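Chemist: All chains should be modelled from the sequences, with the hints used to inform the complete structure.
So the sequence lines, in the order shown, correspond to chains Y and E.
According to this note's numbering, the first sequence is numbered sequentially starting from 811.
According to this note's numbering, the second sequence is numbered sequentially starting from 811.
Heads up, some of the hints might be wrong.
Remember, identical chains collapse to one label, so a pair may be satisfied in a single copy or spanning two.
[To be verified] Mimicking DMTMM-like on lysine to aspartate or glutamate, the simulated pairs with C-alpha atoms at most 25 Å apart in a straight line are: (1) Lys895 with Asp869; (2) Lys911 with Asp1101; (3) Lys1015 with Glu838; (4) Lys911 with Glu879; (5) Lys956 with Glu868; (6) Lys956 with Glu838; (7) Lys895 with Asp974; (8) Lys956 with Asp984; (9) Lys956 with Asp974; (10) Lys1054 with Glu1116.
Hints were generated in silico from the structure; no laboratory data involved.
For clarity, every value in this text was computed on a predicted model and none was experimentally measured.
2 protein chains.
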Amino acid sequence: MTEEKSVAQSLLVVGSIAFDTIRTPYGEAPEVLGGSATYFSVAASFFAPVRLVGVVGEDFPPEYRRVLESRRVDTAGLQVVPGGKTFRWRGSYHGAMNEAKTEDVQLNVFGDFRPAIPEAWRDTSLVFLANGSPVTQAAVLDQVRKPDLVVADTMNLWIDTQRDALLELMRRVDGLVLNDGEARMLSGEHNLIAAAHEIVGLGPKFVVIKKGEHGSVLVCHCGPRVGRIASDLICPLPGYPSLKVFDPTGAGDSFAGGMMGYLASKGQYDFRDLVRAMAYGTVTASFTIEDFSVRRLERLTVEEIEGRLQMYRGMLEF
Amino acid sequence: MTEEKSVAQSLLVVGSIAFDTIRTPYGEAPEVLGGSATYFSVAASFFAPVRLVGVVGEDFPPEYRRVLESRRVDTAGLQVVPGGKTFRWRGSYHGAMNEAKTEDVQLNVFGDFRPAIPEAWRDTSLVFLANGSPVTQAAVLDQVRKPDLVVADTMNLWIDTQRDALLELMRRVDGLVLNDGEARMLSGEHNLIAAAHEIVGLGPKFVVIKKGEHGSVLVCHCGPRVGRIASDLICPLPGYPSLKVFDPTGAGDSFAGGMMGYLASKGQYDFRDLVRAMAYGTVTASFTIEDFSVRRLERLTVEEIEGRLQMYRGMLEF
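Modeler: Shown next, in the form of structure tokens:
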């Protein structure tokens, strides 16, 4: 494969930073570093520098900050609330480990999170709005100037409780990333491909539906709308075949981080770029799930990512 | 892609032939042609001639026989039981249509099916044992001489009620094709890749796990066993992205038919051949689900299969 010359674009993420307490069939991890923006940032940092906007309490320890800062994650947008406590999530996985069972949530400082984008970051080229209320996500877009690419994540809660705000947000983003259950809920369609077509009809140029171990599917509206199929490009990718899922927490955010990080490094956002970005996201997430928190990513190298991408690509040649 | 010169090998299938009565959100079809061997044969016939062994009652109409014979399906092994009634299945699909709800089963002549392989067919190169009791499947193997490739399907019922016979059969086959729930049940492993590794440890050289809309995964034991990963080759393929699943009945058998038909046409069974065979199986099945019974396959052309395969291959290039 030949790579065109490219200049890495700036990449901003706004989302949660958390202390996760996790139990899986393989072990337990108390108050480890988690949160959507954390997984996203660390995953994306393998491809491009990342600007992180989030909020933590005074209890956020220096060693967790170092995990971010020792990579290419700029924490100038990290608010520390004096006397505040960091967001806490407690959950467990059972059986096939496809879904987390949430046991406790303490929003703490994240409950009142009002993202403030530092002035120097308002011209960021790529923006990722990690899962959060669509009102908060929109407030981020109000603060940035004409980014090249805006991608948002969302979840059942917002589809259910803030549908109008979400629909309004969807007209302001280029891409939406969400899981299969959420895509069905948002679109009212059982068939995921039909759901994806519905979703690109609501505003975004593309949607990526994450299916956990089953991979992901991209539907990209790339052309004049003639019927609802002809002008849409579709790409399904399988999950990377993992023999052991140690802890699936953060897989989706790592996928998005690898995807957006690759796009930032590439500086181009055509269909083929999106597909390759999904492949990098898939592979990056496949490392995340090999250990608790971002531990596997902390000891991961770019060479390992490239090596696994080559294997993954090789699997799909026939 | 360059194709090596090849000679089509003979392909035998033994399985059920049925009258299906199906209800889906899109319509109803009473007593249409169905059964595992039917779907398999018609799908495989696009790639190679097929030898069909099965049983029907006197009520099996000439027009159903013509569906088979008008293709390259040799029905010399089709037993007609005088005064007997053909196997009947009635089922419906709801919601996401991932699983059939069986409403009625009348085994009729299939309940006493004793496959008899015509003498002229006992040297068949490729044998597919469609879903059936492992005792019946073994009885087929007792009648054929050293086939190059034997692949079997199975189901929950046999894993549950005839596990020992199934384990014995697995030591006599080259490949096993089964769905994800069955693979978990047979292996006791939640993780599908781990399940596949366990299954190839039970005898077959390879296993293909079918995941419905999520595609399939191949695990091939190809080399000396050093640990359980190093020597196993793995390939996950996504499902073909179908906007509308009209009737999923027969998708799995069409997948197997496309796969085995391609292998018969190729006459080689290396890992890469298996992967390409899975891709053909995926694409062939994606047509089956566009209409009831084998109706879509009846009006399908080889050119359409090739066209969709090219699209599918193109999707997976990154």
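Chemist: So, for every hint listed, does it hold in this structure?
Modeler: For each hint, the structure was consulted:
For the homomeric pair lysine 895 and aspartate 869, the shortest alpha-carbon distance inside one copy (6 Å) is at most 25 Å, but the shortest distance between copies (75 Å) is not. In the homo-oligomer, the alpha carbons of lysine 911 and aspartate 1101 lie at most 25 Å apart inside one protomer (18 Å), although the nearest pairing across protomers, at 39 Å, exceeds that limit. For a Cα distance limit of 25 Å, the shortest separation of lysine 1015 from glutamate 838 qualifies neither inside one copy, at 40 Å, nor across copies, at 37 Å. When the C-alpha separation of lysine 911 and glutamate 879 is checked against a cutoff of 25 Å, the pair qualifies neither within a copy, at 31 Å, nor between copies, at 54 Å.
In the homo-oligomer, the alpha carbons of lysine 956 and glutamate 868 never lie at most 25 Å apart, since the shortest distance is 34 Å inside one protomer and 73 Å across protomers. Taking the shortest Cα distances, lysine 956 and glutamate 838 never come within 25 Å of each other, neither inside one copy (43 Å) nor across copies (52 Å). In this assembly of identical chains, lysine 895 and aspartate 974 lie within 25 Å of each other by CA distance neither inside one copy nor across copies; the values are 31 Å within and 58 Å between. For the homomeric pair lysine 956 and aspartate 984, the shortest alpha-carbon distance inside one copy (12 Å) is at most 25 Å, but the shortest distance between copies (58 Å) is not.
Within a single copy, lysine 956 and aspartate 974 get their C-alpha atoms as close as 23 Å, which meets the 25 Å cut-off; across copies the closest is 66 Å, which misses it. Taking the closest pair of Cα atoms, lysine 1054 and glutamate 1116 come within 25 Å of each other only inside a single copy of the chain (20 Å); across copies the shortest separation is 36 Å, beyond that limit.
Against the hints set out earlier in the document, violations occur for numbers 3, 4, 5, 6, 7.
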